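Under full-length UniProt numbering, think of the first position of the sequence shown as 1, with each following residue one higher.
Hints in this document: simulated from the structure, not taken from any laboratory. Everything numeric in this text was worked out from a predicted model, so none of it was measured.
Heads up, simulated EDC-like pairs for lysine to aspartate or glutamate below, C-alpha to C-alpha not over 16 Å straight-line:
hint	residue 1	residue 2
1	Lys17	Glu57
2	Lys17	Asp53
3	Lys17	Glu95
4	Lys17	Glu56
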Amino acid sequence: MTTMTQATAQEQPRPPKIPESVLVVIHTPALDVLLIERADRPGFWQSVTGSKDFPEEPPHETAAREVHEETGIVIGTPAVPAGALLDWDLRNVYEIYPVWRHRYAPGVTHNTEHVFGLTVPAGTPVRLAPREHLAHVWLPWREAADRCFSPSNAEAILQLPRRGAR
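Input sequences plus hints: build the corresponding full structure.
Structure representation (structure tokens):
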């Protein structure tokens, strides 16, 4: 890419985020949960989250893409087979925090979140996207729920014992 093309690409505004997202609770069979710390909000810990890239993107594809982008974990490998990603058939509709509303089209105030669980082997390596996250930690499920800043994320983690590990 030439310098002029790079400058032009940097000036292009991003399209508004789609107000439909995923929350993926990544956990081990022993129910240790992976939390990641947001780079744009140090001290805010969460599970993997992310919006659809286009309206027709199926939520399970959004979930697999976001897990890979944010943690480096690839779903569909021998270590993490496709069946390890479970759609919990749980949808949360919540008000978008005002600090992040500028990312959406004018007037958009609510998001629909599709909740998934992903069972990974203990010791699964994590490679964070440095522009998005500062650190990661594996915590027992109750401790992980207590550390989350998002109420819907904490509630999802608290459901882990009922959802069961695979």
